[in-house]
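Enquirer: Spelled out, the chains give:
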Amino acid sequence: MAKKELLKVEGLKQYFPIKGGMMGRTVNHVKAVDDISFTIYEGETVSIVGESGCGKSTTGRAILRLEEPTEGSITFDGHELTTLSKREMRKLRKDLQIIFQDPYASINPRQTVANLLNEAMTIQKVVPAKDRRKRIIELLETVGLNEYQADRYPHEFSGGQRQRIGIARALSVKPKLIICDEAVSALDVSIQAQVLNLLKELQEDFNLTYLFISHDLGVVRHISDRVIVMYLGKIVEIGDKYSIFENPKHPYSKALLSAIPIPDPTRVKKHIVLTGDVPSPIDPPAGCRFHTRCPFAQDICKVEEPKLFTHDSMIDGHQAACHFVEEIENGDLQAKGFEEAVF
Amino acid sequence: METVLLEVRDLRTSFFTDDGEVKAVDGVSFALPLGKTLGIVGESGSGKSITALSILKLIADNGKIIGGEIHYKGNDLLTYSDKQMRDIRGNAISMIFQEPMTSLNPVFTVGQQISESIMKHQNLSKKAALVKSVELLKLVGIPSPDKRIKQYPYELSGGMRQRVMIAMALACNPEILIADEPTTALDVTIQAQILRLIRELQMRLGMSVIMITHDLGVVAETCDYVAVMYAGQVVEYSDVVTLFQKPKHPYTIGLMNSLPRHDVEVEKLESIKGNVPNPKEMPTGCRFAPRCPAATDLCRREMPALMKDVEGNDVRCWIYSEKWEGESEVIVYGEKRIAESRGTETILSD
Amino acid sequence: MTKFVIRRLLQTIPVLLGVSILVFSLMYLIPGDPAQIMAGEGASPQTVEQIREKLGLNEPAPVQYLKYMKNVVQGDLGNSVRSNRPVMDEIKARFWTTVQLSFYATILAVFLGLIAGIISAVRHYTWSDISIMIVALFGLSMPNFWFGLMLIQWFAIGPDWLPDFLKMRASGWGDDWRQLILPVITLGTGGAAIIARMTRASMLEVIGQDYIRTARAKGMGERVVVYRHALKNALIPVITVVGLEFGGFLGGAVLTESIFAINGMGRLTIDAIRTRDFPIVQGTVLIISFLFVFVNLLVDISYRLLNKRIDLN
Numbered sequence: 001m002a003k004k005e006l007l008k009v010e011g012l013k014q015y016f017p018i019k020g021g022m023m024g025r026t027v028n029h030v031k032a033v034d035d036i037s038f039t040i041y042e043g044e045t046v047s048i049v050g051e052s053g054c055g056k057s058t059t060g061r062a063i064l065r066l067e068e069p070t071e072g073s074i075t076f077d078g079h080e081l082t083t084l085s086k087r088e089m090r091k092l093r094k095d096l097q098i099i100f101q102d103p104y105a106s107i108n109p110r111q112t113v114a115n116l117l118n119e120a121m122t123i124q125k126v127v128p129a130k131d132r133r134k135r136i137i138e139l140l141e142t143v144g145l146n147e148y149q150a151d152r153y154p155h156e157f158s159g160g161q162r163q164r165i166g167i168a169r170a171l172s173v174k175p176k177l178i179i180c181d182e183a184v185s186a187l188d189v190s191i192q193a194q195v196l197n198l199l200k201e202l203q204e205d206f207n208l209t210y211l212f213i214s215h216d217l218g219v220v221r222h223i224s225d226r227v228i229v230m231y232l233g234k235i236v237e238i239g240d241k242y243s244i245f246e247n248p249k250h251p252y253s254k255a256l257l258s259a260i261p262i263p264d265p266t267r268v269k270k271h272i273v274l275t276g277d278v279p280s281p282i283d284p285p286a287g288c289r290f291h292t293r294c295p296f297a298q299d300i301c302k303v304e305e306p307k308l309f310t311h312d313s314m315i316d317g318h319q320a321a322c323h324f325v326e327e328i329e330n331g332d333l334q335a336k337g338f339e340e341a342v343f
Numbered sequence: 001m002e003t004v005l006l007e008v009r010d011l012r013t014s015f016f017t018d019d020g021e022v023k024a025v026d027g028v029s030f031a032l033p034l035g036k037t038l039g040i041v042g043e044s045g046s047g048k049s050i051t052a053l054s055i056l057k058l059i060a061d062n063g064k065i066i067g068g069e070i071h072y073k074g075n076d077l078l079t080y081s082d083k084q085m086r087d088i089r090g091n092a093i094s095m096i097f098q099e100p101m102t103s104l105n106p107v108f109t110v111g112q113q114i115s116e117s118i119m120k121h122q123n124l125s126k127k128a129a130l131v132k133s134v135e136l137l138k139l140v141g142i143p144s145p146d147k148r149i150k151q152y153p154y155e156l157s158g159g160m161r162q163r164v165m166i167a168m169a170l171a172c173n174p175e176i177l178i179a180d181e182p183t184t185a186l187d188v189t190i191q192a193q194i195l196r197l198i199r200e201l202q203m204r205l206g207m208s209v210i211m212i213t214h215d216l217g218v219v220a221e222t223c224d225y226v227a228v229m230y231a232g233q234v235v236e237y238s239d240v241v242t243l244f245q246k247p248k249h250p251y252t253i254g255l256m257n258s259l260p261r262h263d264v265e266v267e268k269l270e271s272i273k274g275n276v277p278n279p280k281e282m283p284t285g286c287r288f289a290p291r292c293p294a295a296t297d298l299c300r301r302e303m304p305a306l307m308k309d310v311e312g313n314d315v316r317c318w319i320y321s322e323k324w325e326g327e328s329e330v331i332v333y334g335e336k337r338i339a340e341s342r343g344t345e346t347i348l349s350d
Numbered sequence: 001m002t003k004f005v006i007r008r009l010l011q012t013i014p015v016l017l018g019v020s021i022l023v024f025s026l027m028y029l030i031p032g033d034p035a036q037i038m039a040g041e042g043a044s045p046q047t048v049e050q051i052r053e054k055l056g057l058n059e060p061a062p063v064q065y066l067k068y069m070k071n072v073v074q075g076d077l078g079n080s081v082r083s084n085r086p087v088m089d090e091i092k093a094r095f096w097t098t099v100q101l102s103f104y105a106t107i108l109a110v111f112l113g114l115i116a117g118i119i120s121a122v123r124h125y126t127w128s129d130i131s132i133m134i135v136a137l138f139g140l141s142m143p144n145f146w147f148g149l150m151l152i153q154w155f156a157i158g159p160d161w162l163p164d165f166l167k168m169r170a171s172g173w174g175d176d177w178r179q180l181i182l183p184v185i186t187l188g189t190g191g192a193a194i195i196a197r198m199t200r201a202s203m204l205e206v207i208g209q210d211y212i213r214t215a216r217a218k219g220m221g222e223r224v225v226v227y228r229h230a231l232k233n234a235l236i237p238v239i240t241v242v243g244l245e246f247g248g249f250l251g252g253a254v255l256t257e258s259i260f261a262i263n264g265m266g267r268l269t270i271d272a273i274r275t276r277d278f279p280i281v282q283g284t285v286l287i288i289s290f291l292f293v294f295v296n297l298l299v300d301i302s303y304r305l306l307n308k309r310i311d312l313n
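Protein chains in written order, with the UniProt record's numbering: chain A, 1 to 343; chain B, 1 to 350; chain C, 1 to 313.
Next up, chain A with everything else stripped away, as it sits in the complex (with noise of 0.2 Å):
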């Protein structure tokens, strides 16, 4: 394949300390991400999807270094992140941009829109002094704004108005890759369509790559080339959006998509209705993550941790970590003590 890898991660573990004890030294960690590895290519978006806490989020933090990581390498374009210095990561940080789920809490509500993104390109020195006027009108006209509103405030703006400044200030230093951690999850269903149509235009024009980390499967489906499933700090599943909607293989990805309302009354839908609550992430539990709650568990679940494979009924590329994904779908193994309801 002529694919060219922009994003690498390998092994990549993030864990936050628990301070505790009379002298307040570290007592355990939350175990955010726990090793995961992952391919990003360019011109490709790829999706983290997951319940709170499964750490897609921390993945995408970790990747800018906004956090630390604790182990693991991240390669970008040929750098390895993990081990640049500050000032370097600062430079590159211009290839990578994120836009956050609240784009009013990451911008300086005393900044007008024109300023907020000249500052952005003046830190990266990305277009000369006197062209930046120009060029930040036609930022705001990329990403459906108008000139008249460069110079208002945050606080002037709607909540899609105010993502789409997100979207203006991640693509004023002309990015290679950008993080969306839950860009479009607060707006309002007909504005999240424009936002989410705008994305996938200025990947056409730009030639972006985007992780893209969301809850709502829909957005996702509807977005993503491939996508991973994250569940307590691990990558349970990954694959192109066809086989991870159209044939999951993972307990776990089977349950989270069959729990999802579909908007349409006439289809009579079982859901698979998981028991019980997400363990805590300080102490996961031992072999398969997802043994507590999955319906299919056997003994060797509760032992050994299944690795990311591609069993005989998948497709290239599509991987799950699940001990039984033949017998699951030969029906060789029953699901037990497992709830299906139609609401």
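By construction, these hints were calculated from the structure, which means they are not laboratory data.
Among the clues, some could well be false.
Taking lysine-lysine and the BS3-like style, the derived pairs with C-alpha atoms no more than 25 Å apart in a straight line are [as the list claims (entries may be wrong)]: (1) A:K8 <-> A:K269; (2) A:K269 <-> B:K246; (3) C:K54 <-> C:K92; (4) A:K94 <-> A:K19; (5) C:K67 <-> B:K127; (6) C:K3 <-> A:K19; (7) B:K246 <-> B:K280; (8) C:K232 <-> B:K147; (9) A:K174 <-> A:K3; (10) A:K302 <-> A:K254; (11) B:K273 <-> A:K200; (12) C:K54 <-> C:K67; (13) A:K176 <-> B:K268; (14) B:K147 <-> C:K3; (15) A:K336 <-> B:K138; (16) B:K280 <-> B:K268; (17) A:K3 <-> A:K200; (18) B:K126 <-> C:K54; (19) C:K92 <-> B:K150; (20) A:K4 <-> A:K134; (21) A:K254 <-> A:K241; (22) B:K268 <-> A:K241; (23) A:K302 <-> A:K8; (24) A:K200 <-> B:K308; (25) B:K268 <-> B:K73; (26) A:K4 <-> A:K200; (27) A:K4 <-> A:K254; (28) B:K150 <-> C:K54; (29) B:K57 <-> B:K23.
Knowing the structure of chain A, use the given hints to seat chains B and C on it.
Expert: Then chains B and C, alone, in the frame of chain A:
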């Protein structure tokens, strides 16, 4: 014909701020049939939560219900005194909220909070109320309820807290449960648990449910009837199948077409252009007109009333009225709407 | 909980040590020779030398400190330079007066402050709220010494029909508890104002919380909502203020005691400062600091009892 348990007619609730009146709810009508689930769907600022709070008259100090009727079992709740309302709240009509994290009082135990309601409405002793609380926790599927009852909210997960909220709401066997975005703050697998629980309890206890949500998926799977709200008004009201198969209002159609789906492949989302109007500067005509691809001068000039069509469903749109001056075939968001059901009759509100 | 109390107690040790070092260094922070200062100007070199000898001032500072602390632990704070009586006895005689004064002032402040704050919050933006807040603003901005003097003017040397116990006596205040009324008002008013404002702000914040809406949705009456659901939460930050206020009153008592000629620790300290009686100053500051730390400990414990969410860590 189904018995209607609760009927809201032309409800109007306004907030009075320093900048003037904000008409948060401005013409809401719908009916909740006995034992059924009514969905109120809309985006943020559509007034759906204020509608729910208005039913229980739980509007903040600077807000006021300025018009309309809320018929419950033949009486208009809007004529009830504070005392009469207190006897309704948490008893005949109870409510659960969006944020289970903040909706429980942090300084009281789960048991204290559930039994409080029972003691007030059923005149039981503290001890009997606690016994009943344990039963309720069991009913909502909380493991080891006799232990949980002594715990404080912070000791429970989000899903568990929402279960506690439900237990509290069910304490006095309500006839109506109002659920205001009950699963929005929860993960999907937990959402599935909670939705199923509400459904199960509804069947078992024969409650009627008002489900307030922004999620069309939740509406499709849990509701029998749906009221779609936009900018403080109901723009469409019908049974759930009709709504999804033959949506009438351009806003409803736009909303459905802008929804990315995980179950089917959608090439391009049809987004609704523009933004929700500022409630302080509402358009004079139809509130959706500035964003509507089919809007005519009439739409911009005059606000359409919520009208009943020949199928008995309600829609607030000029396309379906005799006054319509545009094409007889209207295409909005890639879907053809033929204004065939012209000759609408009853005007419900304007 | 017991674990928490023990840990919290252990944590006070470094604080107390720090305080004692500071208090001990007082003597050195003042420019000049402490012995000379204590002896006063014009004292003969022999007297100065005697004082130096008596207080062990010719030894190295760390040794002096250790000796001082050894004595402190045994309850010996040294002797007053002026009266030559043990500092501990001097303080003992006045300790309860000051603690009483501060305690009653706290009670008054809490009582008035809470009631005013709650009324203000429940009826916010009405006339009662506005008037309470205006009065509170006065209470807050009135200096103690001025307010005290005004009270004396109005009552203590006021019209004859006023009860006797309010009257100023040559011997000063302190033997009849009712005589404490005016000083307590003087001392407590500012605190009441702070607590009222704090309670109001805290109540208003709590009343806007989701769980208050829940309580109303359960059909609870307004009284239950305010006094059961809101107040218990609103009190959490107020408790801290009350603790700080009590500590502040201990310090503030210095002024009040001077104005009303009450023979308490405050007056003892002032007199000692004026006469450069360092052992007394050290002793009173040390005792008041210890008391302050102790009150803070109590505040932390009650805070924890009220607010179950505060994690041990």
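Enquirer: Each hint should be assessed against the structure and marked as holding or not.
Expert: Okay, the hints, checked on the actual structure:
1. A:K8 <-> A:K269: violated (38 Å)
2. A:K269 <-> B:K246: At roughly 21 Å apart (the allowed maximum being 25 Å), K246 (chain B) and K269 (chain A) satisfy the hint.
3. C:K54 <-> C:K92: holds (23 Å)
4. A:K94 <-> A:K19: violated (35 Å)
5. C:K67 <-> B:K127: The given pair, whose Cα atoms are some 61 Å apart, is violated under the 25 Å limit.
6. C:K3 <-> A:K19: holds (17 Å)
7. B:K246 <-> B:K280: violated (32 Å)
8. C:K232 <-> B:K147: Given that 25 Å is the threshold and the Cα spacing comes to 24 Å, the pair holds.
9. A:K174 <-> A:K3: This hinted pair holds, its Cα atoms lying about 21 Å apart.
10. A:K302 <-> A:K254: holds (20 Å)
11. B:K273 <-> A:K200: With a Cα-Cα distance of about 17 Å, the restraint between K273 (chain B) and K200 (chain A) holds, given a limit of 25 Å.
12. C:K54 <-> C:K67: holds (13 Å)
13. A:K176 <-> B:K268: holds (24 Å)
14. B:K147 <-> C:K3: holds (23 Å)
15. A:K336 <-> B:K138: holds (22 Å)
16. B:K280 <-> B:K268: violated (33 Å)
17. A:K3 <-> A:K200: holds (19 Å)
18. B:K126 <-> C:K54: Distance ~69 Å between K126 (chain B) and K54 (chain C) Cα, so the pair is violated.
19. C:K92 <-> B:K150: violated (47 Å)
20. A:K4 <-> A:K134: violated (33 Å)
21. A:K254 <-> A:K241: holds (14 Å)
22. B:K268 <-> A:K241: holds (16 Å)
23. A:K302 <-> A:K8: violated (30 Å)
24. A:K200 <-> B:K308: With a Cα-Cα distance of about 40 Å, the restraint between K200 (chain A) and K308 (chain B) is violated, given a limit of 25 Å.
25. B:K268 <-> B:K73: Given pair K268 (chain B), K73 (chain B) is violated - Cα atoms ~47 Å apart, limit 25 Å.
26. A:K4 <-> A:K200: Holds, because 20 Å separates the two Cα atoms, which is no more than 25 Å.
27. A:K4 <-> A:K254: violated (31 Å)
28. B:K150 <-> C:K54: Since the Cα atoms of K150 (chain B) and K54 (chain C) sit roughly 63 Å apart, the hinted pair is violated (cutoff 25 Å).
29. B:K57 <-> B:K23: Within the cut-off at roughly 16 Å; holds.
The structure shown violates the earlier hints numbered 1, 4, 5, 7, 16, 18, 19, 20, 23, 24, 25, 27 and 28.
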